[in-house]
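S.K.: Read off the chains here:
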Amino acid sequence: MALAFRNGTDTRRHDGAGGMSAFERARRRLYLPFVIPALLLHLAFVIGPTVAALWISFHRWDGVSPMEWTGLDNYTALLKDSTFRTALVNTLVILVVAGLAIFVISFALTMVVREMRWKSFVRSVLFFPHIVSAIVLSIVWGFIFQHNGAVNTILDRLFGTEPIPWLNADNLFIMILVGTVWLSTGLYVTIIMAGVDRIPPYFYDDALLAGASAVQRLRYVTLPLSWDVISVAAIYWTISSLKIFEFIYAFGGTTNDLPPPGVWNSALFVYGESFGGRSPSYLFGYASASAILMLVLFAFLVVGLRRMMRRDPIEF
Amino acid sequence: MRYRVRREGRVALAFALMLVTATAACGSDDSAAGSSDELTYWSMWQEKEPQAQVIAQAIEAFEQDTGITVNVEWQGRDNITKLLAALRGGDVPDLIDQQYFTISNAIVGNDQFTPLGDVYDMEIPGEDLTVADALTDKYDMFTTADDGERFLVPYEVIGYTVWYDATALPDVAANPPATWDDFTALLADAKAAGRSGIALDADIAGYAEYWTSTALVRALGPGGFNELVSDEEAAGWDTPEVREALTAIEQLAAGAHFIPGYDSSKFPAVQTQWAQGDADFLYMGSWAPTETGEFAAPEFEYRSFNFPTLGSDDSLPASVIGFAIPGPADGADAASEFIAYFLNKDRLSPISTDAANLTPRADIDVPPQLADVNELLQSKSLSKITDGVLGDHSDFDTKIFQPLNLELMTGRVSVDEFIEQIAAQQRDYWENQG
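Quick note, the sequences are listed as chains A and B, same order. Here the numbering used here is used: the first residue of the first sequence is 1, the next is one more, and so on. Here the numbering used here is used: the first residue of the second sequence is 317, the next is one more, and so on.
No lab work stands behind these hints, which were simulated from the structure alone. Note that CB positions come from ideal geometry on N, CA and C, so glycine has one too. Any given hint could be a false lead.
[Unchecked claim] Reference listing, derived: stretches of chain B covered by chain A, where coverage requires no fewer than 3 residues with Cβ under 8 Å from a Cβ of chain A:
#, stretch
1, 579-592
2, 603-617
3, 698-710
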């Protein structure tokens with residue numbers, strides 16, 4: 001058994017050019033040609049629009065007329081906007097509640113599936129919802145859970161229960177949370193299982209011989225040895241949870257109509273205040289301000305999460 | 317109706333596109349763009365929709381008759397959103413179409429439209445009358461900007477009425493309800509007979525809004541609801557007329573007159589149930605028969621009546637779909653020619669005969685299932701659906717009025733709570749507008 005804690009600071013080389021091999025120097029020279037195309041694309045399609053959004057956020061702008069400078073007005077108005085506050089809370093609830101559920105279920109499934117015979121088949125089945133378009137799934141989800149849908153019909157046949165209003169205003173957001181968990185879990189099972197698969201079986205054999213229970217095996221073997229994968233997955237979830245859009249849009253809304261503002265997350269808010277709805281608001285400055293606020297908030301969250309999840313890497 | 321694919325990050329992409337296209341436009345030479353022998357048309361219809369097929373026929377004939385090429389793109393309902401991005405880039409279409417408020421909202425307030433007064437003066441090819449002659453001035457309220465400029469030429473008219481099956485409800489057909497009391501008596505009859513009174517797909521907040529906004533227009537007169545929400549002090553909500561209208565709506569939920577599951581179904585489940593006879597009434601635009609027809613029994617007879625009165629107003633809530641020309645369009649002349657060409661009686665008639673919708677020309681026969689709506693269009697004064705609030709104050713409408721209205725219509729808030737909350741939120745809203 002070989003376990004070694006690697007000192008993180010050792011991984012970066014600070015050698016002067018004199019200490020470099022010819023191969024290393026050649027690699028350095030190739031660095032720029034490889035990076036520049038990606039950097040240019042990134043500048044044009046990510047950094048540029050982000051800077052533009054920041055600039056737009058200080059204006060009142062309908063997308064066409066000249067922009068009217070309003071300073072921080074959009075930001076102060078946002079803080080007083082109850083729809084924005086709801087969208088913010090919904091975004092954080094999706095991040096935390098759905099995130100916790102996804103990781104707990106993913107771990108549970110990983111533990112079960114890794115010891116199954118048809119492991120790869122089951123893994124594919126679990127991954128399936130992630131491949132299918134969120135819009136298609138949300139439509140199916142909507143029809144299954146509506147008043148006269150399959151779920152209420154089955155419940156009625158089996159237990160004679162009255163139809164449960166799964167999709168009314170009280171329950172719609174909960175259904176969105178459940179749907180989001182269902183859509184995303186397969187992906188995280190796959191990521192976490194890839195990390196767990198790397199753990200040599202003799203650690204588990206050893207733990208079993210030592211009399212470790214399943215929970216102890218999870219705590220002392222699986223978690224520490226797949227921690228780097230988990231932390232990457234957690235950050236990936238944080239970022240992707242901010243961008244969840246199609247599922248809420250198609251599940252809560254219709255052809256021309258936005259979902260009710262009570263279930264908007266920040267992505268829906270940006271869309272609703274700019275292009276969305278039967279009669280769009282075209283409030284590009286306001287929408288940009290909300291996008292910038294969320295960008296800042298999530299940047300803090302990601303940095304905080306990285307710090308929180310930082311561990312000395314373990315080599316095995 | 318179809319779900320349109322929305323992609324996450326669309327806003328970021330749009331900004332990127334705007335940035336890139338704006339940059340590109342700065343350095344490009346626009347002089348080569350457009351000519352009078354061709355025009356680009358971004359249609360609100362998808363290619364397979366009946367209206368698209370009618371327009372496509374007209375385009376073919378127009379190209380043959382005039383030698384002008386029409387580059388049509390069947391963009392669907394997103395066409396105006398795309399127009400907005402194009403207006404930044406400079407490569408705008410010459411002709412667009414949509415409901416009046418969608419176009420007004422996008423290009424009238426910011427003066428990005430071509431005034432169409434000249435088009436109204438044009439003679440319709442093949443007929444001895446002008447576009448203005450062919451259209452009644454009843455539709456001016458939908459086609460004219462505040463300063464009197466025309467921004468739209470309508471080719472389809474929508475009337476909003478309360479639909480029912482005359483085969484199942486012969487008494488209603490013989491004596492349609494005129495007042496709210498007449499109407500609630502019918503609802504009580506339905507309930508006593510074990511039927512549901514009203515079908516409503518409440519997941520479309522705009523459909524639920526039709527009920528309350530029309531009730532408010534009935535109580536306050538056309539323009540009254542719009543004025544109510546335009547008031548920064550939100551002073552008008554706590555008045556006897558408004559209370560009466562809101563109470564009427566509240567009673568629909570309290571009396572359990574809506575079909576079960578109306579607040580927890582997915583469109584179009586409930587309107588389909590209505591077509592199958594599970595509820596008596598459906599308040600809907602004149603597209604109702606085409607949208608529900610395939611689910612209705614063969615003997616189903618589409619009839620409708622005007623929204624019942626709650627005071628003296630008996631205007632017909634309506635809307636129009638029409639053509640507009642964006643301000644910077646290079647092919648405005650060719651687009652104008654096409655508009656006048658399409659308004660010809662023979663070419664416009666298939667909107668009625670093939671697409672089963674109403675046209676703005678009174679001399680075109682109407683589909684039998686729309687006879688009642690047409691009669692109302694001719695005989696009543698018109699008001700804008702939602703009193704124009706959806707177009708004029710869309711942010712307020714979407715974020716404040718529609719959600720609160722749904723709460724009222726599902727029995728979650730009382731009239732008192734509704735008034736208190738909407739007045740407070742309306743004041744905040746206007747304060748935030750600076």
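S.K.: Quick one: see if chain A covers the stretch 698-710 of chain B, three-plus residues with Cβ-Cβ under 8 Å.
M.R.: holds (count 3)
S.K.: Between the stretch 579-592 of chain B and chain A, are there enough contacts, at least three residues with CB-CB distance under 8 Å, for the coverage claim to hold?
M.R.: Result for this restraint: holds, n = 7.
S.K.: Test coverage of the stretch 603-617 of chain B by chain A using CB-CB distances below 8 Å; three residues minimum.
M.R.: violated (count 0)
In summary, the structure is inconsistent with hint 2 from the numbered list given earlier, while agreeing with all the others.
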